[in-house]
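Enquirer: These protein sequences, in sequence, are chains A and B.
Counted the way full-length UniProt numbering counts, the first sequence spans residues 1 to 137.
Counted the way full-length UniProt numbering counts, the second sequence spans residues 1 to 137.
Just so you know, not all the hints are guaranteed correct.
Chain copies aren't distinguished; within one or between two, either way the pair holds.
Claimed, not checked - Listed next, the in silico DSSO-like pairs over lysine-lysine satisfying Cα-Cα at most 30 angstroms (straight line):
hint, residue 1, residue 2
1, K67, K113
2, K113, K81
3, K124, K71
4, K71, K28
5, K81, K67
6, K28, K81
7, K104, K71
8, K81, K104
Think of the hints as simulated: they come from the structure by calculation, not from any bench.
All figures in this text were calculated on a predicted structure; none of them were measured in a lab.
There are 2 protein chains.
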Amino acid sequence: MSSRFQVSRALVIYVCFFKGAEEDLLPKMVSTLLNVKLSETENGKHVSILDLPGNVLIIPQATLGGKVKGKSMQYHTNSGKEEGLVLYSQFVTLCEKELAANSKWAEAGMVVKHGTYGNRQVLKLDTNGPYTHLIEF
Amino acid sequence: MSSRFQVSRALVIYVCFFKGAEEDLLPKMVSTLLNVKLSETENGKHVSILDLPGNVLIIPQATLGGKVKGKSMQYHTNSGKEEGLVLYSQFVTLCEKELAANSKWAEAGMVVKHGTYGNRQVLKLDTNGPYTHLIEF
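Please put together the full structure from these sequences, using the hints given.
Expert: Here it is, written out as structure tokens:
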């Protein structure tokens with residue numbers, strides 16, 4: 001089964017969990033990602049995605065946990081597939097809850113969309129300047 | 001001045017230099033990035049961009065060096081603008097040289113393109129599964 005969707009202007013979150021990542025990390029991750037001022041308003045001011053308000057697109061991206069070993073990438077420090085799926089699902093749910101609980105965000109008709117854990121994610125991205133950050137927890 | 005270009009299937013390299021980065025790091029960076037097996041052949045085998053062979057797109061991305069501080073991002077650990085420009089330019093030149101020196105790559109008519117340091121990079125990206133890695137040197 002595959003699904004295809006489109007979001008207009010959005011914060012794109014690529015998520016990867018390392019071995020040993022635990023559920024109690026999730027609230028801090030979600031809170032930081034939704035509140036950090038990464039989005040630019042029309043006036044060039046930086047605000048959070050909650051304050052913009054803007055859409056959120058979450059993409060599972062286990063490859064982020066890879067390490068170069070010789071000419072190959074190894075993924076030994078990533079969480080196992082089952083743990084990773086649980087953490088990813090909880091992360092998505094928590095994002096959805098925190099966004100929905102913000103009345104400004106919710107009333108603006110914004111959406112949160114997410115990719116499917118463990119599947120190849122086909123993506124078209126159109127940016128007005130990629131503005132990529134790395135946030136480790 | 002702005003320029004617009006399009007590349008077909010490519011390895012996209014986002015580069016950020018931290019404070020203290022030095023020129024003698026560049027050959028290792030370039031060699032690793034061009035030789036690590038990150039590209040998938042039609043048969044699903046992973047090979048380097050030199051062996052694929054495929055195009056290379058280099059994008060300066062200083063935001064990668066940001067750290068969350070409260071609700072803002074700070075970029076204090078990034079290299080200064082002038083040093084960053086020198087390193088970025090040398091990195092691009094070295095990639096171009098190493099790619100051109102590989103006869104298989106060069107004969108396949110592949111190209112290397114790069115964004116302009118210090119400018120906003122407008123990007124459209126179309127991926128058959130984003131496959132994002134983080135390699136620190």
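Enquirer: For which of the previously enumerated hints does the structure constitute a violation, in increasing order of number?
Expert: The structure breaks only hint 8.
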